[in-house]
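Build out the structure end to end from the sequences listed, making use of the hints.
Per the numbering used here, the very first residue in the sequence shown carries number 905; after that it's consecutive.
Hints may contain errors.
To be verified - Mimicking PhoX-like on lysine-lysine, the simulated pairs with C-alpha atoms at most 20 Å apart in a straight line are:
hint : residue 1 : residue 2
1    : LYS946    : LYS1048
2    : LYS948    : LYS1010
3    : LYS1010   : LYS947
4    : LYS1048   : LYS948
5    : LYS983    : LYS948
FYI, nobody ran anything at the bench for these hints, they're computed from the structure.
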Amino acid sequence: LTLCSPLFFFFSLAWCFKFGLFIFILQILQLAPQKKVIVGGKKKIEDADNDEGFQRALQFAVVQHNNRTNDTVRYQVLKVDSAEHQVVEGSLYTMTVILRRTNCEKEAPADGCAVQNVPGFARPRRCIFEVWSRPWLNDTQLTKEECDSVERTSE
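Dropping the structure here:
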């Protein structure tokens, strides 16, 4: 094909049309609304009650908290204030929860423990936990535990 032949002109026109159509489609896709997700960023867990990974991390955090306190009774979750998940080398769950004392001693089985409502005994606390889970290594760690007393709770 030479630059002056009609066949060359036809193929270059067809190529230009396809390239132009490709650019047009790319521009349309750019205008479409996109959900911004930061890879590796924290993502809010909308339905923490039904998120299996979060629930495992929460239970792990509460067990670790109970093992570390000097209290003679167990604490249980009264309310989940916030829940986030981040993909790192595994899963990092960050949660803010309200805990209250139960009527169960630490050494007793955890089944049937009721959360205390007696103001002086309930001792609610707001805790921020971070749990790092790497299931393929069978490794779960409580990497952050910050708890403060709460005067009143709405529950």
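**OP:** Taking the numbered hints from earlier one at a time, note which ones the structure violates and give those numbers from smallest to largest.
**Re:** 2, 3
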